[in-house]
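Asker: Start from the sequences and build out the full structure, keeping to the hints where you can.
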Amino acid sequence: PTLAPAPPEPLGSPEETVKPLMECAAWLDAYFQEPTALQELPVPALHHPIFLQDSFTGQVLWKLLKAVKFGEVVSYQQLAALAGNPKAARAVGGAMRSNPVPILVPCHRVVCSSGALGNYSGGGRAVKEWLLDHEGSLAGTPARAGGSRLARTWCGALRGSSSSEPTGRD
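Here the numbering used here = 1-based position in the sequence shown + 141.
The hints are simulated quantities; they were obtained by calculation from the structure and are not laboratory data.
Below are the BS3-like pairs computed for lysine-lysine, each with C-alpha atoms no more than 25 Å apart in a straight line:
id	residue 1	residue 2
1	K160	K207
2	K210	K228
3	K228	K207
Label pairs and their in silico Cβ distance ranges:
id	residue 1	residue 2	range
4	P227	V159	39 to 47 Å
5	E181	G277	17 to 25 Å
6	P227	E156	42 to 50 Å
Note that the structure is predicted; figures quoted are calculated from it, not measured. In this text, a Cβ means the ideal position worked out from N, Cα and C, and glycines have one as well.
Answerer: Right, dumping it as structure tokens:
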């Protein structure tokens, strides 16, 4: 299993706290204004305890952060396999619900293998669809781990009508 990196240095004085906040603001600005710049920016430090735990949830969130790039999608089942437990798709859903920083750790990129959009704890399905559209996923960028069929199925469902979205969760 992939282990979380060493914990970041604890935040100290207000001056020391400003730097991580500025890095996070710069990353978010790039995400929304100039996405191509993200390749040059590191993801801001993640100081939440969930990222320091050696748990399945922590491993799933780190794997998602490292393996599924801007404009890509992956199914809950594929992400479970990437995290080392291919039968844990439902647990991956739980990990997505536990994600404390939904845009930085891109749980919106996780969709159902059936082609359904799935849920999104960062603001609901409309926000998830907007974020994926913003990232160009509607153009059919293939997912990692052999998910090009998934990306095409999902994108085709979205291009039809929202009422015809496939149902399912995995």
